[in-house]
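**Q** Taking full-length UniProt numbering, the leading residue of the sequence shown gets 1, the next gets one more, and so forth.
These aren't lab readings, by the way, just hints derived from the structure by calculation.
Note that CB positions come from ideal geometry on N, CA and C, so glycine has one too.
Among the hints, a few may not be true.
[Claimed, not checked] Restraint-style ranges between C-beta atoms, simulated for each label pair:
no. : residue 1 : residue 2 : range
1   : 208       : 162       : 24 to 32 Å
2   : 90        : 261       : 19 to 27 Å
3   : 165       : 130       : 45 to 53 Å
4   : 45        : 19        : 13 to 21 Å
5   : 19        : 144       : 32 to 40 Å
6   : 141       : 66        : 21 to 29 Å
7   : 240       : 154       : 24 to 32 Å
8   : 104       : 141       : 20 to 28 Å
9   : 20        : 77        : 33 to 41 Å
10  : 66        : 173       : 17 to 25 Å
11  : 236       : 90        : 46 to 54 Å
12  : 162       : 320       : 51 to 59 Å
13  : 219       : 4         : 39 to 47 Å
[As the list claims (entries may be wrong)] Restricting the straight-line Cα-Cα distance to at most 35 Å, the calculated cross-link-like pairs of lysine-lysine (DSBU-like) are:
no. : residue 1 : residue 2
14  : 119       : 205
15  : 93        : 119
16  : 28        : 93
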Amino acid sequence: MANQPSFGIVLPHFGPHCNRDFIVDTAKQAETLGFDSVWARDHLYVPPENKEHGGIVEQRFAEAMQVLSHLAAVTDDLTLATGSLNPHRHPLKLSQCIGSLEYLSTGDVLCAIGAGTFKGEFDAVDLPFDERGRLVEENLEILRRTFREENVDYEGDHFAFENVTIDPRPGDSVPLWYGGLSPFAVRRAVEYADGWYPGRMTLEKLDQRLEQLHSLEAEHDRSLDLGYLSIYSVAPETDEAISHLNTEELVHDVNTILRTDHSSLDDIEGSYIAGDPETCIEQIQALVDRGFDHIVLDMRNSFDELESMMELTADEVLPAFR
């Protein structure tokens, strides 16, 4: 196979299933079963108006960098990834956290960062929600420079400092990805990052964004890594897999994100991977054919079935791509 994708798992570090043993056991199982990466999402807190997100009530949210640092001590070869961090930390502190995680981990580290979606998070830390696009651009600029350079001077719209050296420095060993779905996200990925990390998009909308991406890549003489985050459910029978999805919330989320008016799962093909193993293979292949070489499986609607779904995926889905 010309393009062999890597596979990651979103960790159960948020919502009612969040507990230390489950997080650690999931990471260890992922490594044992042959998955390539584990991913931590990011919220400072979930504002009351956003409590239900993706069909789950996210009242508990273990901090992403802390979760990955803990897993660095109990895993060997997994890539530890953020997907995606919100720009509510000071970028110098974030640079130190990522550099330290890479220094302490025996596996790889990947950092995806996005602009965020919850206004309340930004209000709580006195950051301008309406300027979050520029905030994340400055984060990426500062991370890039402090990963590589000593005695960094920087002056931006939101952050300014002189003669700062962050050590340990990961250099180029930590890829910086941009997580987002909009045309602005595609532009930022090409101009500021090493990869683009969308998710929950219809294939029609995804193809539009990929056309934009490839045009910008040619314009800037760049070639980005492509990762895709997908709501995922697998079972021996397709009907059983679909039953684990919160279909109403999934359709609602896609409509909210893409500003569409879809009414069924059939309308939002591409925004999820669900079915028996053969069906999941076909849906993943559609992404691989579009150039995505990192597939991240998000089983937030099925955390009760996470262990069995990971085993079935390792036994009957992953071998099709290896």
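**Q** Could you work out which earlier hints the structure fails to respect and list their numbers in ascending sequence?
**A** 1, 2, 3, 7, 9 and 13
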